[in-house]
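> Now for the letters of each chain:
Number of protein chains: 2
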Amino acid sequence: MAAQLKSASQSRSRLDRLRLFLSHHRADAILVSHLPNIHYLCGFTGSSALLLIEGSRGTLFTDSRYTFQARKEVSGVRVQITKTGLIAAASEALRSGRKGRRTAVAYSPFQLTVGQMDALHAGSGKHVRWVKAPNAVESLRAIKDAGELTAMKDAAELISNVFGSILPLIRPGVSELMLSGAIEFAMKELGATGPSFETIVASGPRSAWAHARPSSKPLRKNELVVLDQGAILRGYCSDMTRTVFLGRSSPRVRRMYAAVLEAQQAAKDAIRPGVTAGSVDAAARRVLKGYGLASKFTHSTGHGLGLEVHEMPRLGRGEATILQQGMVLTVEPGVYVEGFGGIRIEDDIVVTSKGAQDLTSASREFLEL
Amino acid sequence: MAAQLKSASQSRSRLDRLRLFLSHHRADAILVSHLPNIHYLCGFTGSSALLLIEGSRGTLFTDSRYTFQARKEVSGVRVQITKTGLIAAASEALRSGRKGRRTAVAYSPFQLTVGQMDALHAGSGKHVRWVKAPNAVESLRAIKDAGELTAMKDAAELISNVFGSILPLIRPGVSELMLSGAIEFAMKELGATGPSFETIVASGPRSAWAHARPSSKPLRKNELVVLDQGAILRGYCSDMTRTVFLGRSSPRVRRMYAAVLEAQQAAKDAIRPGVTAGSVDAAARRVLKGYGLASKFTHSTGHGLGLEVHEMPRLGRGEATILQQGMVLTVEPGVYVEGFGGIRIEDDIVVTSKGAQDLTSASREFLEL
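Protein chains in written order, with our numbering: chain G, 1 to 369; chain S, 1 to 369.
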C-alpha cells in the first residue's frame with residue numbers, strides 16, 4: 001500500500017500535535033504500540049513495530065523483514081531494525097542516555113499486554129516512570145484533515161459503486177459466500193487495496209444475526225438480505241450496509257424498513273459540532289421506540305471511521321464524547337427479529353459546521369429485487 | 001462459518017484436557033480471552049467474548065449482537081449475554097458464590113491488556129489470585145486431532161487448486177492487486193470462507209519485501225513474482241507460497257531458486273517427532289549458507305498453523321520446542337535481495353511418526369511463464 005503521508009511535513013505536524021498532548025500530560029515521551037497509530041504518525045504500514053517519541057526525536061523499531069519497506073515508507077522518525085525483539089530494543093533505548101534523570105513515558109493501557117508491560121518494566125528498570133494515557137493518538141486521529149477526508153470520500157464513493165455493480169448478482173440461488181466474494185473482487189477492480197472488514201452477506205433468518213459471517217447458504221425468494229461492506233482505499237476505510245428483499249415484501253417488512261430508515265435520518269439530523277455522541281444514538285432509538293422496535297435494536301448507532309473500521313468516537317447509549325467538525329462516523333441503526341430477519345441501513349458521514357454530510361451515495365430506497 | 005465442533009463430546013474432551021492442565025498448575029479456573037482459543041474450546045466464532053472455565057462448569061460471556069449465533073454454535077458451556085461489558089460480567093461471576101474462599105485463576109499475560117487486567121483486579125477484588133499461564137490453550141491446539149487434520153488437508157488442497165486455477169492469469173500487464181483479488185475470489189469459488197491472511201502478490205523489486213502488500217503495480221516481463229496465499233476452510237487455515245518468473249530467467253535467479261528449494265527440502269527432511277524446532281530452522285539455514293545466501297534469509301523457517309495462520313510452534317533460530325506428532329507447520333525459507341527480487345517457497349506439512357508429510361500438493365518446480 002502506498003504510504004498515506006504526503007510529505008515529511010504532514011508527519012511532523014502530527015508528531016508536533018502529539019508532543020503538545022504529552023506536554024499537557026507532563027510526559028517526556030510516549031511509546032506507541034498500536035499499528036494504525038504508528039501508521040498515522042510516521043507512515044509505516046508493516047505488521048510489527050513500536051514507535052518511541054521522545055522530545056524532538058522519534059524512533060521506529062521494526063524487524064529485518066521490513067528493512068526495505070520501512071526505508072521507503074517512514075518519514076519524520078528514524079528507523080531501527082532490531083534482532084532482539086521490539087520490546088527489548090525499546091527498553092534499551094529508554095535505559096540508555098538517561099544520565100540519571102527519570103523519564104515519564106506515556107502508554108495506552110489498552111494497547112500493551114500485561115506480559116509486554118512486565119518486560120518493559122524489567123528492561124527499562126528505574127529509569128522510567130510509566131504514565132497511563134489511553135487514546136493519546138486516537139484523539140488526534142478522530143479529527144480528519146483535508147487529505148484524509150478526500151481519501152475517505154473516495155473510499156465511500158468506491159463502496160457505493162461496488163454495491164451498484166453487484167446488484168444484478170443478488171438473486172435466488174447465489175450463495176452468501178459467492179456474493180461476498182464478488183463484492184470483494186469488485187472492490188479491487190475499482191482500485192481498493194481490499195475489504196476493510198470481512199464482508200457480511202446474511203440472508204433470510206441469518207439476517208437477524210447482526211454480525212453473521214457469509215455462509216454457503218443460497219439466497220432464496222422472499223428473504224431479506226443484509227449486505228455490509230467496506231473497502232480500504234489509500235489506507236482509509238469505508239463501511240456501508242444496505243438491506244434488500246428478494247421478491248415482493250410484506251407490509252411488516254416494509255414497516256420495519258421505514259422505521260430503520262427514519263431512525264437513521266433522525267440520527268443524521270441530530271449530528272452537528274457540539275452535541276454528544278449519546279444524543280445521536282438517542283435520536284435513532286426514539287424513532288424505533290415509536291415503532292415498538294426499540295428492543296430489537298441491539299447495537300449502538302455508529303462509530304468513528306478512518307485508518308481503522310472502528311475508531312473513536314462510539315455513537316452509543318449515554319456516550320459523553322462531544323462531536324467535532326472533521327469527525328467521520330457511520331450511522332447504522334438496525335432491527336433484528338430472531339427467526340424472521342434483520343434490517344440495517346448504514347452510511348458514512350463527516351461532521352461539518354452545518355451538520356452531517358453524507359459520504360456514501362448509494363440509494364437508501366427499499367429495493368425489492 | 002459453521003461451528004468446528006462436531007459434537008458436544010469433542011468440546012468436552014478439549015475442556016477436560018484444559019482442566020487437567022489447570023490442576024497441574026494449581027489453578028482452580030482459567031479466564032480465556034483470545035478468540036481462537038474460545039472458538040477451539042466451545043465453538044463460538046463471534047468477535048466479542050470471554051470464556052471462564054471453573055471446575056466442572058464453563059461460562060461464555062458475549063454481548064447481545066451474538067445472542068442467536070451463540071445459541072447455535074456453543075457447546076459444553078453455558079452462555080451469558082452481558083449488557084455491562086465482558087470484563088465486568090466475568091468479574092461479577094468471579095466475585096459471587098466464592099463463600100470467602102480465594103480462587104486461583106489462570107490467564108495469559110500476553111492476551112489481556114494492562115487496562116483489562118486493572119479492571120479485573122478492581123472488579124474481582126480479593127476473591128481472586130491471578131496466575132500467569134501463557135499458552136495453556138495454545139499448547140493443546142498445537143497438536144491437531146483427526147478431524148482437524150482432515151480440515152487442514154482440505155484447506156491445503158484447496159489453496160493448491162486455487163494456485164493451479166489462477167496460473168493463466170499471471171502475465172505481464174495484470175496488477176498485483178487484481179491478481180490477489182482473483183486468487184481470493186477463486187478461494188471462495190472453491191468453498192473457502194475467505195483468505196487466512198491478506199494475499200501477497202509481490203513482483204519485480206517488490207518481491208524482495210518479504211511481507212509486501214499487493215499494489216497497483218502491473219507485473220512486467222523478466223520479473224520474479226512471489227505469491228503467498230492461504231484459505232480458511234471449516235475454520236482452519238492453509239498458507240502456501242510459490243515464486244514464478246515472467247520470461248526466461250537468468251542463471252543467478254535459477255541458482256537462487258534451487259538454493260531455496262534445497263533449503264526447504266532440508267528443513268522438511270529434518271522434521272520428525274522429538275527434534276527441536278530450532279534444528280529444523282538450522283537445516284534450512286545451513287543449505288543457504290552453502291550458497292552464500294544466509295544473510296538474505298531474513299525470517300524464520302516456518303510456524304504452526306491451525307485455527308490461526310500463526311500458531312505454536314515457531315520454527316525459528318534456537319527454538320527449543322520439541323516437535324510432536326500431529327503438529328501442522330509451514331516450511332518456508334526465502335531469500336531477498338534489495339533492488340533485485342525475492343524468492344520464497346512454502347508448504348504446509350503435518351508431523352507424523354515417519355516425518356514431515358506434505359499437505360500442499362502444488363508443484364514446486366520453477367515456473368517460467
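Among the hints, a few may not be true.
To be verified - Facing chain G, according to a computed beta carbon distance under 8 Å, are these residues of chain S, among others: (1) Arg65; (2) Leu112; (3) Gly290.
Read the hints as simulated data drawn from the structure, not as lab findings.
Beta carbons are placed, not taken as given, at the ideal position from N, Cα and C, and that holds for glycine.
> Take the hints in turn and mark each one as holding or not.
Comparing the hints with the structure gives:
1. Arg65: Check passed: Cβ of Arg65 of chain S comes within 4 Å of chain G, closer than 8 Å.
2. Leu112: Given a least distance of 6 Å, the restraint on Leu112 of chain S holds.
3. Gly290: With a closest approach of 21 Å, the Gly290 of chain S hint is violated.
When held up to the earlier numbered hints, the structure conflicts with hint 3 and nothing else.
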